[in-house]
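For this one, chain R is given, so just place chain S on it according to the hints.
Protein chains: 2
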Amino acid sequence: MNKAAVIQKILAAESAAPLELGAAYAPANIALCKYWGKRDIELNLPVTGSLSVSLGDMGTHTQISISDRDSLILDGTPMPADHKINARLFSFLDHFRTAANLYFAVESNSTVPIGAGLASSASGFAATVLALKELFQWELSNEKLSVLARMGSGSASRSVYNGFVEWHAGVEDDGLDSVAESLNIQWPEFRIAVLTVSDAPKKIGSTEAMNRTVGESVLYESWPKKTAHDLPIIRQALYDKDISALGAQAESNALSMHATMLGCIPPVCYFEPETIDALQKIWALRKDGVEVYATMDAGPNVKLIFESAAQEDILDVFPELKIINPHK
Amino acid sequence: MNKAAVIQKILAAESAAPLELGAAYAPANIALCKYWGKRDIELNLPVTGSLSVSLGDMGTHTQISISDRDSLILDGTPMPADHKINARLFSFLDHFRTAANLYFAVESNSTVPIGAGLASSASGFAATVLALKELFQWELSNEKLSVLARMGSGSASRSVYNGFVEWHAGVEDDGLDSVAESLNIQWPEFRIAVLTVSDAPKKIGSTEAMNRTVGESVLYESWPKKTAHDLPIIRQALYDKDISALGAQAESNALSMHATMLGCIPPVCYFEPETIDALQKIWALRKDGVEVYATMDAGPNVKLIFESAAQEDILDVFPELKIINPHK
Numbered sequence: 004m005n006k007a008a009v010i011q012k013i014l015a016a017e018s019a020a021p022l023e024l025g026a027a028y029a030p031a032n033i034a035l036c037k038y039w040g041k042r043d044i045e046l047n048l049p050v051t052g053s054l055s056v057s058l059g060d061m062g063t064h065t066q067i068s069i070s071d072r073d074s075l076i077l078d079g080t081p082m083p084a085d086h087k088i089n090a091r092l093f094s095f096l097d098h099f100r101t102a103a104n105l106y107f108a109v110e111s112n113s114t115v116p117i118g119a120g121l122a123s124s125a126s127g128f129a130a131t132v133l134a135l136k137e138l139f140q141w142e143l144s145n146e147k148l149s150v151l152a153r154m155g156s157g158s159a160s161r162s163v164y165n166g167f168v169e170w171h172a173g174v175e176d177d178g179l180d181s182v183a184e185s186l187n188i189q190w191p192e193f194r195i196a197v198l199t200v201s202d203a204p205k206k207i208g209s210t211e212a213m214n215r216t217v218g219e220s221v222l223y224e225s226w227p228k229k230t231a232h233d234l235p236i237i238r239q240a241l242y243d244k245d246i247s248a249l250g251a252q253a254e255s256n257a258l259s260m261h262a263t264m265l266g267c268i269p270p271v272c273y274f275e276p277e278t279i280d281a282l283q284k285i286w287a288l289r290k291d292g293v294e295v296y297a298t299m300d301a302g303p304n305v306k307l308i309f310e311s312a313a314q315e316d317i318l319d320v321f322p323e324l325k326i327i328n329p330h331k
Numbered sequence: 004m005n006k007a008a009v010i011q012k013i014l015a016a017e018s019a020a021p022l023e024l025g026a027a028y029a030p031a032n033i034a035l036c037k038y039w040g041k042r043d044i045e046l047n048l049p050v051t052g053s054l055s056v057s058l059g060d061m062g063t064h065t066q067i068s069i070s071d072r073d074s075l076i077l078d079g080t081p082m083p084a085d086h087k088i089n090a091r092l093f094s095f096l097d098h099f100r101t102a103a104n105l106y107f108a109v110e111s112n113s114t115v116p117i118g119a120g121l122a123s124s125a126s127g128f129a130a131t132v133l134a135l136k137e138l139f140q141w142e143l144s145n146e147k148l149s150v151l152a153r154m155g156s157g158s159a160s161r162s163v164y165n166g167f168v169e170w171h172a173g174v175e176d177d178g179l180d181s182v183a184e185s186l187n188i189q190w191p192e193f194r195i196a197v198l199t200v201s202d203a204p205k206k207i208g209s210t211e212a213m214n215r216t217v218g219e220s221v222l223y224e225s226w227p228k229k230t231a232h233d234l235p236i237i238r239q240a241l242y243d244k245d246i247s248a249l250g251a252q253a254e255s256n257a258l259s260m261h262a263t264m265l266g267c268i269p270p271v272c273y274f275e276p277e278t279i280d281a282l283q284k285i286w287a288l289r290k291d292g293v294e295v296y297a298t299m300d301a302g303p304n305v306k307l308i309f310e311s312a313a314q315e316d317i318l319d320v321f322p323e324l325k326i327i328n329p330h331k
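Just so you know, the sequences run in chain order R and S. Quick note: the first sequence uses our numbering, first residue 4, plus one each step. Quick note: the second sequence uses our numbering, first residue 4, plus one each step.
Only chain R is shown next, with the shape it has when bound in the complex (with noise of 0.2 Å):
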């Protein structure tokens, strides 16, 4: 099925007729369980459910208003119009003009770190999902929303809530049912930090990885049998609060995505000396008696995973870190 036709399905029953702006905020999220393979490519289907944690006030501030031509502010710099940003929002928005001569103008700030390696593709889809929300004051659920802010990009599902996000695969054809959902977890003590070891781009980007993995390592034919191992201890980690058995699923869950990496022709690896060297570093933590797990995502960079009692003796050992309260 194509995007436009989902689309459709979904507006059918809002008006057409736009307001002068729209704007909205999407936090960045971090997945616990990781979204890794597509079963469609063109609606960002997964093959696997997904969970993620929010990143609270890290994430993109994004407003849309009418305008007579198609035009994107980033972090205050207009973007030229043949910049590969502007080709995949504004093809993203095509599905959203409901007048032949109605064009948008955009403005969008990230409040995510520089190189620190947090995807600003799903709190930049979800954020402008949420701000024509506004501008054409649809009266759509927040689920139905989630698959408006996948269709940009596939985590962008789980952007449009905060706190501790599932974003389910579904079986459906048109995807109606790959919807994300908050889980209602309050856990204040959770802390997430970002190590960044490397802030020159990535030799590969996260989707053709994610592609070719896909395709040519023979390892990813055992990736959904370990998420659908993984997600359910990971979600009921989180209802029991329980750092250990959480760190441990999602550590391993984060590992096992780098491994079917490993498995592609030639090897797709992130992993750079420094990568491996925080790894060894939280794993001699963790002997100590610090609890302490990390996840990655497709990248170089490491995040840590702990409770704020274990910050302290965290930042002895990685002062450079940047920790994210998700429930500030």
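In case anyone wonders, no lab produced these hints; they're calculated from the structure. Treat the hints loosely; a few may be bogus.
One copy or two, it doesn't matter: identical chains are merged, so the pair holds either way.
Within a straight-line C-alpha distance of at most 27 Å, the following computed BS3-like cross-link-like pairs (lysine-lysine) qualify [to be verified]:
(1) K205 with K284
(2) K205 with K290
(3) K228 with K41
(4) K147 with K41
(5) K206 with K290
(6) K12 with K147
(7) K12 with K41
(8) K206 with K284
(9) K331 with K136
(10) K325 with K290
Just chain S now, with coordinates in the frame of chain R:
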């Protein structure tokens, strides 16, 4: 089936009267398609077939003589009776005592550079079996000798031959069809080299890593399929003397083996920062047109696969490399 019964089957027609002394040499070997996971732990029967290259004059010289007590001299040093190497060797030799008061004095000398990260159990047990053949004047085929060596250490089955060797997984309970055979391939330009990135003792032994991976890692479920895919490609590349095809597949096979370990809980990670640095240099050389590929065993060191013509370019980047010509 137990080890004693299988050994009895093999030796049924052999004489029990030993000479005074038997001596033999067996090379170490490096797998190009890895042995990873046992279907029978007592008999060292593998889940999959594997394929290796023997390392010419790098290996183990062993002589065994009849004595009034068991003793082992390893590289000139008499080993204490309670050392774990003695325990492992003499519990294996228990199966070959043809009289009540028959003991073995074993002297073993390795020509493998210390700290090169080359498994000594493969050449050690192969040389032991070949020395027993001389001692007892067995009239056994090489295949049968590979079965005996395999019951000492899995990969020893491949060390009873020089050159390129395939070890068939077999399907029988007694493992008499789990034999190694020489592929009879001459490839004089083929080189393998060892880059020692760490000679610190391993944090986890390879047998424990293997057994934990089989038991804990969901990703291991893909390993038999990965090997079924890789092994015929690697074998054909050897027949074709096609370094590109061989290298790409052997590298993918080795990294996929490490990938399966990352799925353990907690992860088993033999990568050191220096391992990643070496892999990145190999991949950079390849980008520059130098045909060099990596393989790794259950440890942090990296082995390089190439043809002699590439040797100079590779030494420019890795001056400390120990280069082995297996056909020398």
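K205 and K284: within-copy, between-copy, both or neither at 27 Å Cα: both (23 Å within a copy, 17 Å between copies)
State whether the alpha carbon distance between K325 and K290 is at most 27 Å within one copy, between copies, both, or neither. Classified as within: same-chain Cα gap 23 Å, cross-chain 35 Å, threshold 27 Å.
Evaluate K12 and K147 at a C-alpha cut-off of 27 Å and name the case that applies: within, between, both or neither. Within one copy only: 11 Å inside, 69 Å across.
Intra- versus inter-subunit Cα pairing at 27 Å for K147 with K41: within (19 Å within a copy, 49 Å between copies)
Intra- versus inter-copy proximity for K41 and K228 (alpha-carbon distance at most 27 Å): Cα proximity of K228 and K41: in one copy and across copies (15 Å, 22 Å).
Between the shortest in-copy and the shortest cross-copy C-alpha distance, which are at most 27 Å for K206 and K290: within, between, both, or neither? between (33 Å within a copy, 13 Å between copies)
Between the shortest in-copy and the shortest cross-copy C-alpha distance, which are at most 27 Å for K205 and K290: within, between, both, or neither? Cα proximity of K205 and K290: across copies only (16 Å, versus 32 Å in one copy).
If the cut is 27 Å between Cα atoms, do K331 and K136 qualify within a copy, between copies, both or neither? within (25 Å within a copy, 73 Å between copies)
Cα distance capped at 27 Å. Does K12 pair with K41 within a copy, between copies, both, or neither? within (22 Å within a copy, 53 Å between copies)
Using 27 Å as the alpha carbon limit, work out where K206 and K284 are close: within a copy, between copies, both or neither. So K206 and K284 pass the 27 Å test inside a copy (25 Å) and across (14 Å) alike.
Figure legend: structure checked against the earlier numbered hints; every hint is met.
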